[in-house]
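Novice: Okay, here's what each chain looks like letter by letter:
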Amino acid sequence: MTTRLPVIELRQITKTFGNFTAVHSIDLSIGEGEFFTIVGPSGSGKTTVLRMLAGLESPTSGDIVLRGQRINDVPANRRPTCMVFQSLALFPHRTVGQNIEFPLKIRDVAPEERKKRALQLMAQLRLPEDYYGKNVTKCSGGERQRVALARALAYNPDILFFDEPLSAIDYKLRKTLEKELKDIHRETGKTFIYITHSLEEAMVMSDRIGVMRLGRLVQVGTPNEIYTAPNSKFVSEFIGDVNIIPVRLANGNRLQSDELGAEFSAPGMPAGFSVGHLVVRPESLRIIERREDAENVLTGTLYNEYALGSRIQYQVRVGEQVFIVERLRQQALNGRLDTQVLVGWNARDSILVGD
Amino acid sequence: MATATDRKARQGPLNAVPVILFLIVGFAAPLLAVIGYSFMPERTFGLFQKPSFDNYVTVFTSTSYISFLWSLGLAAVTVILLALICYPIAYGLARVFGRWSTLLTLLFTIPLFVSENVRLYGWILFFIKNGVLLGTLKSLFGIEIQSWLFTEGIIVLGMVYVYLPFMLFPMTLGVSMVPNETRDAAFDLGATRWQVFKEVDLPLSMPGIVIGFLLSFVLAVGAIVEAKVLGGQKVIPITHDIEIAFTYAQNWPLGSALAVLLMVVVGALVLTVLRRFDLDAILGRR
Chain A
1 MTTRLPVIEL
11 RQITKTFGNF
21 TAVHSIDLSI
31 GEGEFFTIVG
41 PSGSGKTTVL
51 RMLAGLESPT
61 SGDIVLRGQR
71 INDVPANRRP
81 TCMVFQSLAL
91 FPHRTVGQNI
101 EFPLKIRDVA
111 PEERKKRALQ
121 LMAQLRLPED
131 YYGKNVTKCS
141 GGERQRVALA
151 RALAYNPDIL
161 FFDEPLSAID
171 YKLRKTLEKE
181 LKDIHRETGK
191 TFIYITHSLE
201 EAMVMSDRIG
211 VMRLGRLVQV
221 GTPNEIYTAP
231 NSKFVSEFIG
241 DVNIIPVRLA
251 NGNRLQSDEL
261 GAEFSAPGMP
271 AGFSVGHLVV
281 RPESLRIIER
291 REDAENVLTG
301 TLYNEYALGS
311 RIQYQVRVGE
321 QVFIVERLRQ
331 QALNGRLDTQ
341 VLVGWNARDS
351 ILVGD
Chain B
1 MATATDRKAR
11 QGPLNAVPVI
21 LFLIVGFAAP
31 LLAVIGYSFM
41 PERTFGLFQK
51 PSFDNYVTVF
61 TSTSYISFLW
71 SLGLAAVTVI
81 LLALICYPIA
91 YGLARVFGRW
101 STLLTLLFTI
111 PLFVSENVRL
121 YGWILFFIKN
131 GVLLGTLKSL
141 FGIEIQSWLF
151 TEGIIVLGMV
161 YVYLPFMLFP
171 MTLGVSMVPN
181 ETRDAAFDLG
191 ATRWQVFKEV
201 DLPLSMPGIV
211 IGFLLSFVLA
221 VGAIVEAKVL
231 GGQKVIPITH
241 DIEIAFTYAQ
251 NWPLGSALAV
261 LLMVVVGALV
271 LTVLRRFDLD
281 AILGRR
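These protein sequences, in sequence, are chains A and B. Final position of the first sequence in our numbering is 355; the numbers increase by one with none missing. Final position of the second sequence in our numbering is 286; the numbers increase by one with none missing.
Chain A with its partners taken away, still in its complex shape (with noise of 0.2 angstroms):
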């Protein structure tokens, strides 16, 4: 990746809501043109950060700056930022064609100009032609995502901003829409600011992911290190399933599980660590037939199976613990359910986080 000039920087941005502190003191740079994704679970300040960023909030302390300028006492109507909301927060009042003219007709723009620039817009997302009149209450939530966002490009913001637009959605319609929004992106070349609570949805369509827990940053990266190297516990567990084992510092630069009663070779040992966790994703997990095949093993009872499609997901119990292990449909494990099985991995196949 091209390194970018920062668009919008947050300094420091505390929030407060009475005594609660919904935002602790975060420090982020956006590039120009970068699709971010603000991740965290509900409550984490997310949407109070993208809120403040928009001029809906003010910070109680630090300051945002757009291209240099602070901007933090610039309401939300003289910022070149527009945001498409949770609810979308379309005009039920309003036809497609209105409700996307919105930010044109406040403007003064003269009535044809606007009209043209709807249709325009209109088409590039692919919403037809004949829904111009039509009453946006009528439309499908589809539809009415992609009124909500052609809205927002119509203000023709520098900064768009998405408060998880496609969480009401159902699954299939989803995968598709965030296609189409990696896509819209890629077309106008904007920075987009996005927020959702699935990781998932963050890898999909991101150059670089921020997740938050309780007010804070705690990791900012791109999706591979975000998935290939979380820095903590909650952020590999963010995505999904992942086993977890805690484990210390034991003799030789080994670790001691005591729950499970191993010791385990360890990928490179932070400086300073003594307990923490050990994150093996189930796709690096195998079960493997002899003790030989991998670097740390475990024994443990198969327990249950999971088709995935391509993949199968297995269960696998170790004394108190569940691992989970994923193998290719291909590579099934036939009529061995109940028995005996050995798990395994190699150590640079794990991520050793602290909590």
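For the record, the hints were derived by calculation from the structure and aren't laboratory data. No false leads were mixed into what you were given.
Covered stretches of chain A, going by a simulated chain B footprint (3 or more residues, C-beta under 8 angstroms):
id	stretch
1	50-60
2	83-93
3	100-109
This one's a predicted model, so the numbers in the text were calculated from it and none came from an experiment. For each residue, glycine too, the CB sits at the ideal point set by N, CA and C.
Starting from the known structure of chain A, fit chain B onto it as the hints suggest.
Specialist: Leaving out everything else, chain B in the frame of chain A:
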């Protein structure tokens, strides 16, 4: 199976009979009686004589139109003042006052528990010569002003005071129906506060506003005690004329004709407004 369903379908109207009877006797019958009386000869109490339009002719050749105009005019002024007063309060109740809203709503409701007449006599005590207001001004500051009682202004004040909840509560409901994100979106799309109000707040709270207008207008047209008590009969609204016809004048047919005309005028106005502001369309349901 099919017969069971048929029997159930037949039972529906049958089960509705008690309610229908109750509505006919309690709601339609008095109305029909009034309409019937309006076509009876002058000063009769029977309902089965030769019908005629005499009463209507009498109304149209008399000066009753003045009372009609007073009623409609006072109601119109009241409703406009109510709208101006109530919108900011409704906005506050729905958006600004937060947990104080409940208390304020209660305070606006409590007067409804006291008889209207009692409350209006309260205003008399407040405004009367040597009363609460003028008496205080006189004794404390030596200022003597003419009492405002028995003027048109004080009638309007009384009506605004009495009908305020009927405008306020539908309006509050209307204002609270506007989603915050929609207002934020308009603001974020470049609209000024005024444009947000004009383009989003006002149209989206219109159902509540229209209902408030209709409710308070219909009630205000039927107002009588404000003019009698506060206005000291300086102004005779149409309701007063109707009352006189039914009581002192013992002319039920004439009173009925006036009442029917009032219903027709108000009904026509309400229907016009409802056609102009299709509530469903405003709400975006169609």
